[in-house]
Amino acid sequence: MQKIGAHLQGLDGLRGIAILSVFLYHMYPDTFRGGYLGVILFFILSGYLTAISSEREWRSRKFHIWSYYKKRIKRIYPQLAAAVLAAAGAMAIVAPKLLEGIHGEIASIFLGYNNIWQILQNTSYFNRINNASPFLHIWSLAIEIQFYLIWPFLFLFYHYIRKRKRKDFCALVILIPLLVSVVLLEFFF
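Just so you know, we're using UniProt numbering here: the sequence shown kicks off at 1 and counts up by one.
Warning: the hint list may mix true and false statements.
[What the hints assert, rightly or not] Distance ranges between label pairs, derived from CB positions:
1) I40 / P134: 19 to 27 Å
2) A90 / L175: 40 to 48 Å
3) Q79 / I116: 19 to 27 Å
4) D30 / K167: 43 to 51 Å
5) I19 / Q146: 17 to 25 Å
6) Q146 / V94: 16 to 24 Å
7) A95 / L175: 45 to 53 Å
Think of the hints as simulated: they come from the structure by calculation, not from any bench.
These figures come from a predicted structure and were not determined experimentally.
Quick reminder that beta carbons are idealized off the backbone N, C-alpha and C, glycines included.
The task is simple: from the sequences and hints, build the whole structure.
Here is the structure:
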């Protein structure tokens, strides 16, 4: 078993599969209908790597909520700001009319609730004809940001429960959301 923090080469293969899956889905949506599952694979990998990183810091007594958030902000927001500015700049040149009323969408991007904003706007990611926004794909980053917001509290709660040797409760905390997810998937899909 590799020590915590070591580069896991097997995950590179999974990343490659996820990238290829999403790419093929976008290029040939009628042929690769399940390509969006690559995004779910990215979510799983991100959660796994975040958990490993947090555990490594916990063991070395370096896990602090504020340093965790600072790392995430430094990792996400500079690139996000550059991408949004580049897209908005291109829109200003190519299709300035698309910039009208974009303030709400931009706010939702930087505040990490673009997925919710799109739902409230009745925006369908799958309806490519009616969606002219270059920011449609940001919904997945919003979910990442939401995960990053709650993760430190879930992680600290896990260690609180673990310290008290309440493994039965910890198992319930994991199993209940899993069961709810399965039921919701059956109900809605």
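Compare the structure with the hints numbered earlier in the document and write down the numbers of the violated ones, lowest to highest.
6
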